[in-house]
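J.: This is what each chain is made of:
Number of protein chains: 2
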Amino acid sequence: MKTKLSPFALASMLSVQLFAAEDKPPADDWKPCPSNQASKQYPQYNSEGRVKFRIVAPEAKSVGCTFRDSSEFKKGEDGAWYGHTRPLDEGFHYYMIKIDGAEVPDPNSHYFYGASRWGSAVEIPAKDADFYALKNVPHGQLREVYYFSKSSDKTRHIYVYTPPDYDKDATKRYPALYLQHGGGEDETGWGRQGHAGLIMDNLIAEGKAKPFIIVMENGGVSGPRPTNAPPAGAGPGGRGAFNFSAFEKVVTQDLIPYIDANFRTLSDQPNRAMAGLSMGGMQTRGIAPSHLDKFSHIGVFSGGSIAVTNITDMPKFKEMVKLVFVSYGSSELGTNRVGGRGFGGDPKANTAALKEAGINAVFYESPNTGHEWLAWRRSLYQFAPLLFKD
Amino acid sequence: MKTKLSPFALASMLSVQLFAAEDKPPADDWKPCPSNQASKQYPQYNSEGRVKFRIVAPEAKSVGCTFRDSSEFKKGEDGAWYGHTRPLDEGFHYYMIKIDGAEVPDPNSHYFYGASRWGSAVEIPAKDADFYALKNVPHGQLREVYYFSKSSDKTRHIYVYTPPDYDKDATKRYPALYLQHGGGEDETGWGRQGHAGLIMDNLIAEGKAKPFIIVMENGGVSGPRPTNAPPAGAGPGGRGAFNFSAFEKVVTQDLIPYIDANFRTLSDQPNRAMAGLSMGGMQTRGIAPSHLDKFSHIGVFSGGSIAVTNITDMPKFKEMVKLVFVSYGSSELGTNRVGGRGFGGDPKANTAALKEAGINAVFYESPNTGHEWLAWRRSLYQFAPLLFKD
Chain A
0 MKTKLSPFAL
10 ASMLSVQLFA
20 AEDKPPADDW
30 KPCPSNQASK
40 QYPQYNSEGR
50 VKFRIVAPEA
60 KSVGCTFRDS
70 SEFKKGEDGA
80 WYGHTRPLDE
90 GFHYYMIKID
100 GAEVPDPNSH
110 YFYGASRWGS
120 AVEIPAKDAD
130 FYALKNVPHG
140 QLREVYYFSK
150 SSDKTRHIYV
160 YTPPDYDKDA
170 TKRYPALYLQ
180 HGGGEDETGW
190 GRQGHAGLIM
200 DNLIAEGKAK
210 PFIIVMENGG
220 VSGPRPTNAP
230 PAGAGPGGRG
240 AFNFSAFEKV
250 VTQDLIPYID
260 ANFRTLSDQP
270 NRAMAGLSMG
280 GMQTRGIAPS
290 HLDKFSHIGV
300 FSGGSIAVTN
310 ITDMPKFKEM
320 VKLVFVSYGS
330 SELGTNRVGG
340 RGFGGDPKAN
350 TAALKEAGIN
360 AVFYESPNTG
370 HEWLAWRRSL
380 YQFAPLLFKD
Chain B
0 MKTKLSPFAL
10 ASMLSVQLFA
20 AEDKPPADDW
30 KPCPSNQASK
40 QYPQYNSEGR
50 VKFRIVAPEA
60 KSVGCTFRDS
70 SEFKKGEDGA
80 WYGHTRPLDE
90 GFHYYMIKID
100 GAEVPDPNSH
110 YFYGASRWGS
120 AVEIPAKDAD
130 FYALKNVPHG
140 QLREVYYFSK
150 SSDKTRHIYV
160 YTPPDYDKDA
170 TKRYPALYLQ
180 HGGGEDETGW
190 GRQGHAGLIM
200 DNLIAEGKAK
210 PFIIVMENGG
220 VSGPRPTNAP
230 PAGAGPGGRG
240 AFNFSAFEKV
250 VTQDLIPYID
260 ANFRTLSDQP
270 NRAMAGLSMG
280 GMQTRGIAPS
290 HLDKFSHIGV
300 FSGGSIAVTN
310 ITDMPKFKEM
320 VKLVFVSYGS
330 SELGTNRVGG
340 RGFGGDPKAN
350 TAALKEAGIN
360 AVFYESPNTG
370 HEWLAWRRSL
380 YQFAPLLFKD
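Chains as they are written, first to last, in numbering that gives the first Met the number 0: chain A, 0 to 389; chain B, 0 to 389.
Among the clues, some could well be false.
[Unchecked claim] With a straight-line cut-off of 30 Å between C-alpha atoms, the simulated DSBU-like cross-links for lysine-lysine are:
1) B:134 / A:153
2) B:293 / A:97
3) A:149 / B:74
4) B:209 / A:153
5) B:39 / A:97
6) B:74 / B:39
7) A:60 / B:60
[Claimed, not checked] Where chain B lies over chain A, by a calculated footprint (3+ residues, C-beta under 8 Å):
8) 50-56
9) 91-101
10) 108-120
11) 134-143
Rather than coming from a laboratory, the hints here were simulated on the basis of the structure. All C-beta atoms in this analysis are idealised placements derived from N, C-alpha and C, irrespective of residue type, glycine included.
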């Protein structure tokens with residue numbers, strides 16, 4: 000009897016092994032995602048980071064989701080459709096459900112503004128989720144505010160986080176951080192999926208960050224806004240609607256004066272910061288260095304970096320800028336990834352060069368995350384304690 | 000030749016006429032609904048109050064919506080499905096889209112919490128929509144607030160409206176209205192679909208209402224709330240989760256003390272009101288009259304009324320209660336409707352009897368509305384100017 004395997008047999012064995020690996024049932028330790036609507040048991044996540052969906056669609060021919068490499072959705076014993084994703088990174092992921100070719104929000108999830116639309120997202124709780132958990136500590140307020148912008152000739156919609164003790168002492172004044180969302184997102188992002196308020200509440204409760212105000216603008220200028228639109232997040236979020244120089248005017252001519260007149264800010268340059276994620280990081284790099292009379296602290300999360308060669312007046316930059324903070328999700332870095340590919344060079348090397356040039360420059364890499372909100376929540380968590388130090 | 004018609008011919012003619020009436024194409028003056036997501040052209044409404052949907056579902060066998068008596072949905076020339084509703088009342092209506100038996104949110108609409116879930120709604124602008132329009136007037140703030148409730152042993156999520164000048168003068172104090180949503184809704188309702196902030200901003204700008212604070216609680220006590228839930232509207236909204244006496248404790252023992260300690264309220268009885276819609280009106284009738292040391296003004300919108308026979312201590316009620324305001328949508332009234340059927344008698348007659356008994360009682364009927372938000376926005380618009388008069 001021959002022991003040598005024919006090439007066909009080998010291929011067949013490999014294929015069986017591959018099939019077995021793929022066919023291994025997912026770990027059966029499913030729990031409802033914290034991003035679900037109250038009392039909804041699905042979607043669920045497991046210890047492998049897979050997400051399982053349950054969709055009631057009795058007469059559908061096919062059901063699926065927008066996560067690539069998901070399992071086939073099949074009808075369960077209860078007649079509902081079930082399917083699961085590949086293992087995903089911990090954190091927050093936008094998605095939609097597909098029913099016979101229609102892309103629709105999952106009726107079980109909460110809805111968030113991202114990818115230029117309100118739609119579904121799942122949260123797979125991170126191992127370090129405690130830093131953005133809702134705790135019984137003093138809480139700040141997330142305030143929905145309308146203000147009139149002369150330069151864009153319209154009433155604009157923003158959120159302002161005020162720290163826990165803001166209303167206790169009417170004489171106390173606070174520094175302010177202007178914090179921008181990413182492309183396809185809007186002014187609801189940082190307060191909602193970003194948990195900026197909870198992150199700050201927890202940092203302040205532990206004495207790790209100075210209390211400050213956070214201002215969250217839409218960042219889009221040219222998009223139309225219907226009268227009687229719902230109060231939250233109706234503005235334009237797509238990158239198409241963004242006009243960087245128009246937004247620069249909004250920030251410097253309208254928004255900062257409005258905030259300084261209507262909130263108890265410390266309104267001098269040492270007490271004002273700007274930061275943003277992805278497109279918001281690009282806006283920050285575009286606006287803050289050109290207005291060093293206004294901003295002393297700069298944060299760029301997954302949105303490129305600042306190269307020494309791009310600083311036209313280094314002595315002034317050194318004198319005025321108290322912090323340049325640059326961060327990326329770990330899997331964004333590398334030659335073929337977002338962090339390495341564009342944005343004018345390697346962000347880590349650029350930031351190290353800034354430091355060598357005598358600037359307080361900090362690089363942070365969020366472990367095991369890509370271009371998503373867990374990386375940006377962590378970036379805020381790392382960035383906030385470095386701000387407005389005496 | 001006979002001129003007399005046979006019964007069959009008559010029936011046939013009638014049927015043709017009926018068919019013709021039903022088959023008349025809807026008025027072709029469609030406009031995008033203001034409840035759409037930014038830049039979405041559908042749903043649209045027309046001058047008859049019909050709403051037209053456009054759903055992309057290439058492989059679906061059938062598409063529809065949850066509005067009864069809607070037209071059949073058919074594929075248009077662009078391959079998308081189109082269908083429209085019967086003429087609806089002006090105002091705000093919850094709905095879902097049906098795709099091959101699945102009930103899902105419309106990917107084109109904004110999402111609102113109602114019917115115990117986040118889902119779609121359409122707004123057909125009312126002829127009097129100006130009173131809740133976003134205008135270039137001084138705006139108050141809608142604040143998202145967490146507070147710890149000892150009686151329910153959890154951190155609870157509320158919205159607080161502060162009037163336009165609240166932050167201008169740190170010594171000024173304001174009356175407060177505790178304002179409740181309906182069954183299957185949550186604390187997001189009044190600020191979002193209710194436009195409570197815009198209604199107050201406009202009333203205050205015109206000098207028609209005194210500025211006051213509005214506090215919006217979830218009203219549900221027993222429902223669980225996941226840690227790391229998204230900040231907005233994650234609480235229980237279904238009537239099943241509500242425990243009226245537990246909520247009474249939350250309001251009187253936790254919420255009022257929290258608000259009085261953390262906002263600049265006038266904290267005496269003449270400066271505190273309670274109101275609510277539907278189930279929130281029932282909560283108001285249940286709580287306010289039992290705590291006349293705390294509340295002086297009572298508003299019940301589409302939630303029953305207060306009968307003279309239900310007042311146990313009339314002299315005290317007369318002394319303490321400065322206003323009882325009762326309202327209904329016009330089509331709720333009548334013997335077989337909500338307003339007439341339950342809630343202990345005819346609300347209009349009950350309110351007239353209160354007035355005859357010497358109480359400042361006001362009945363308001365919202366024209367051409369049913370049990371929905373246009374009636375309740377108008378109710379707030381009528382109620383607010385009557386509050387906290389010197």
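J.: A separate judgement is required for each hint: does it hold in the structure or not?
T.: Hints and how they fare:
no. : hint          : result
1   : B:134 / A:153 : holds (10 Å)
2   : B:293 / A:97  : violated (52 Å)
3   : A:149 / B:74  : violated (45 Å)
4   : B:209 / A:153 : holds (27 Å)
5   : B:39 / A:97   : holds (19 Å)
6   : B:74 / B:39   : holds (19 Å)
7   : A:60 / B:60   : holds (9 Å)
8   : 50-56         : holds (count 3)
9   : 91-101        : holds (count 6)
10  : 108-120       : holds (count 6)
11  : 134-143       : holds (count 7)
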